[in-house]
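First to last, the protein sequences are chains L and R.
Mapping the first sequence onto my numbering, position 304 (from 1) lands on 304, and the numbers just tick up by one.
Mapping the second sequence onto my numbering, position 347 (from 1) lands on 347, and the numbers just tick up by one.
Think of the hints as simulated: they come from the structure by calculation, not from any bench.
Hints should not be assumed to be uniformly reliable.
[To be verified] Think about it this way: if two alpha-carbon atoms lie no more than 30 Å apart in a straight line, the pair counts; the simulated DSS-like pairs of lysine-lysine are:
id, chain 1, residue 1, chain 2, residue 2
1, L, K26, R, K107
2, L, K107, R, K107
3, L, K310, L, K352
4, L, K196, R, K120
5, R, K107, L, K252
6, L, K120, R, K196
7, R, K196, L, K196
8, L, K237, L, K184
9, L, K299, L, K350
Remember, it's a predicted structure, so these values are computed and weren't measured experimentally.
Protein chains: 2
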Amino acid sequence: MEVPSVLHMIGGDGETSYSNNSIVQKTAISKARPFLEATLTDLYCTTFPECLRVADLGCSSGPNTLLVISEIIEVIEAICHEKNRISPELQVFLNDLPGNDFNSIFKSLPNFYGKLKKQKGEESGRCFISGVPGSFYGRLFPSTSLHFVHSSYSVHWLSQVPRGLESNKGNIYIGKASPPGVLKAYLEQFQRDFSKFLTLRSQEIVHGGRIFLTFLGRRSADPSSKECCYIWELLAKSLMNMVSEGLVEDAKLDSFNLPCYLPTAGEVRAIVAVEGSFIVDQLEFFDVNWDANDDDNNKDFVFDKCTSGKNVAKGIRAVAESMLTTHFGEAIIDDLFSRYTEHVAEHLSKEKTKHVNLVISMTKK
Amino acid sequence: MEVPSVLHMIGGDGETSYSNNSIVQKTAISKARPFLEATLTDLYCTTFPECLRVADLGCSSGPNTLLVISEIIEVIEAICHEKNRISPELQVFLNDLPGNDFNSIFKSLPNFYGKLKKQKGEESGRCFISGVPGSFYGRLFPSTSLHFVHSSYSVHWLSQVPRGLESNKGNIYIGKASPPGVLKAYLEQFQRDFSKFLTLRSQEIVHGGRIFLTFLGRRSADPSSKECCYIWELLAKSLMNMVSEGLVEDAKLDSFNLPCYLPTAGEVRAIVAVEGSFIVDQLEFFDVNWDANDDDNNKDFVFDKCTSGKNVAKGIRAVAESMLTTHFGEAIIDDLFSRYTEHVAEHLSKEKTKHVNLVISMTKK
Numbered sequence: 001m002e003v004p005s006v007l008h009m010i011g012g013d014g015e016t017s018y019s020n021n022s023i024v025q026k027t028a029i030s031k032a033r034p035f036l037e038a039t040l041t042d043l044y045c046t047t048f049p050e051c052l053r054v055a056d057l058g059c060s061s062g063p064n065t066l067l068v069i070s071e072i073i074e075v076i077e078a079i080c081h082e083k084n085r086i087s088p089e090l091q092v093f094l095n096d097l098p099g100n101d102f103n104s105i106f107k108s109l110p111n112f113y114g115k116l117k118k119q120k121g122e123e124s125g126r127c128f129i130s131g132v133p134g135s136f137y138g139r140l141f142p143s144t145s146l147h148f149v150h151s152s153y154s155v156h157w158l159s160q161v162p163r164g165l166e167s168n169k170g171n172i173y174i175g176k177a178s179p180p181g182v183l184k185a186y187l188e189q190f191q192r193d194f195s196k197f198l199t200l201r202s203q204e205i206v207h208g209g210r211i212f213l214t215f216l217g218r219r220s221a222d223p224s225s226k227e228c229c230y231i232w233e234l235l236a237k238s239l240m241n242m243v244s245e246g247l248v249e250d251a252k253l254d255s256f257n258l259p260c261y262l263p264t265a266g267e268v269r270a271i272v273a274v275e276g277s278f279i280v281d282q283l284e285f286f287d288v289n290w291d292a293n294d295d296d297n298n299k300d301f302v303f304d305k306c307t308s309g310k311n312v313a314k315g316i317r318a319v320a321e322s323m324l325t326t327h328f329g330e331a332i333i334d335d336l337f338s339r340y341t342e343h344v345a346e347h348l349s350k351e352k353t354k355h356v357n358l359v360i361s362m363t364k365k
Numbered sequence: 001m002e003v004p005s006v007l008h009m010i011g012g013d014g015e016t017s018y019s020n021n022s023i024v025q026k027t028a029i030s031k032a033r034p035f036l037e038a039t040l041t042d043l044y045c046t047t048f049p050e051c052l053r054v055a056d057l058g059c060s061s062g063p064n065t066l067l068v069i070s071e072i073i074e075v076i077e078a079i080c081h082e083k084n085r086i087s088p089e090l091q092v093f094l095n096d097l098p099g100n101d102f103n104s105i106f107k108s109l110p111n112f113y114g115k116l117k118k119q120k121g122e123e124s125g126r127c128f129i130s131g132v133p134g135s136f137y138g139r140l141f142p143s144t145s146l147h148f149v150h151s152s153y154s155v156h157w158l159s160q161v162p163r164g165l166e167s168n169k170g171n172i173y174i175g176k177a178s179p180p181g182v183l184k185a186y187l188e189q190f191q192r193d194f195s196k197f198l199t200l201r202s203q204e205i206v207h208g209g210r211i212f213l214t215f216l217g218r219r220s221a222d223p224s225s226k227e228c229c230y231i232w233e234l235l236a237k238s239l240m241n242m243v244s245e246g247l248v249e250d251a252k253l254d255s256f257n258l259p260c261y262l263p264t265a266g267e268v269r270a271i272v273a274v275e276g277s278f279i280v281d282q283l284e285f286f287d288v289n290w291d292a293n294d295d296d297n298n299k300d301f302v303f304d305k306c307t308s309g310k311n312v313a314k315g316i317r318a319v320a321e322s323m324l325t326t327h328f329g330e331a332i333i334d335d336l337f338s339r340y341t342e343h344v345a346e347h348l349s350k351e352k353t354k355h356v357n358l359v360i361s362m363t364k365k
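The following block holds chain L by itself, in its conformation from the complex (with noise of 0.2 Å):
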């Protein structure tokens, strides 16, 4: 699988769309919103540039993009409202694959603009947005030309399939059944695709920039744990059935891996500290459910286990659709995701199960 022509998220709004099933994405902004504000205050008790140069990996398209934008220009107003300063000019660059739907947020923007000349008065900073399509695997911007980085919901994404997964048979990812091989293979694909991903970035951001991280990984040192891997456990189980059923070849399952990796702290650490261009300043858990309505700040929510076995399975469809109908045909999706939910139902109605969401904050020595 070549993974940057294939990875996208569903574009355009359609009921299968990532944009209206991006909830769990869009809690995990919400909860990195505090760290976020420290960091950018951080940063600009020692930066003050005219324009601030932001770019955002990882983008996608949907609601949730431009509500990032929308964060980092309220806590630049709050900070500069604070300190009495002129709020600078904003230039963003939204990163993703060249398959993401950039027309949609293109599209969007106008409305986008306009609200906030409402909000924030003529007065206000600028706000220039632009479209960068390219693998974070690469380069994507000049030599120190960014003051902070912006990435959620991407990093776990590897750039390639690990080599040498030949033995993980019945399995999409690593799960309880996969050899030590398996593990090892994913965690030096890890190490390789962050690292890399750091000495580039390092290459883009000035001095004393940012760089502000959250994406999916684990408490438990064991990658093969229920808190990173169940949710994709569950999908090879569908397509398990579906196997047993004549529905899909077995070595087409078999020859079937993510190219994801969910990461402990330890093992961040550890790239960061080898790949020495960046300074840890904060790295914090905190938990999405899977079903990401079943959220303390939603008080109206009353469990039902078939429609969260909906919410999850819509959400990770419009993930992984892309990449599934690539390996397998478009014709099983409906059906293998219509046995998803039910195992998903089945799984919830058990046990209330989240994703583990590692949020990190790094200085550019």
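Chain L is fixed; fit chain R onto it per the hints.
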């Protein structure tokens, strides 16, 4: 008509797409190249940034979009080679209205970068391409952030249809029968728009930076002269035909006017002088045949009125369809362009006709 939301070239790569019907624009880019070379050489004699920041305004979506960028890269590489300098990094901002098909451009970038690496090697300056959606009659970039602004076949488009065209009956642009008020309304709209364009760019371009524009104009003082108007008069004629057959309402035609203006060199110079931010370094004319396949470089060309009629009509359709559809509805478009094809063919069989192109290079004071 809300020009920013209506005006866009036909996207995708279908038979009627701009991508497949933009040979006039391609020919203009190629004929403007010697002037582009002179401008960039001149710029590079005074400015040697480590990262050259370039914008192309009204980039559209098709082979011409990246052709312009290729030309700029080639010219800069040649200058650096000659002067024995290291090539700069190049940050390119492709701008067009938010309705432009940026997705198509972005999907073609991996291939573009791949070719570039092959041609120039890893050693040459890196190129970073981004998309910036928005009208160039508003701010698009942070203050003093650009070294070079390029625009081809865009600045003749106005920010809006001029007011006060009620008397322009039976025409869709300035025509032989247009009363003087119509000419005045068009000229004044162009004066306001082009002046604003210059002021906005002067805020975005560094001192000593350049702006290089190619757009449709006219040599004749008469704003209803054939060289600039007849291509649209024939489209008005096709619409009139449909009015006489009851296929288009009379009032509908009378209320449609194109948001474009084709100025003389004198009109352009006067606006630049009054606005005051730029010095004109060079202002030249060149011609491109309506059927741009009919070119001195194309020795195999044999004139056939039907083929040429089709070529011209397809080119105009790719540009004007979005506006015509918004005003007249989709249903009339095929019929309209079939009539137009015949009218153009008939005209070309009597008289070879050319687009007059104005190319202007200016330095920011």
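Hints not upheld, ascending by number: 7
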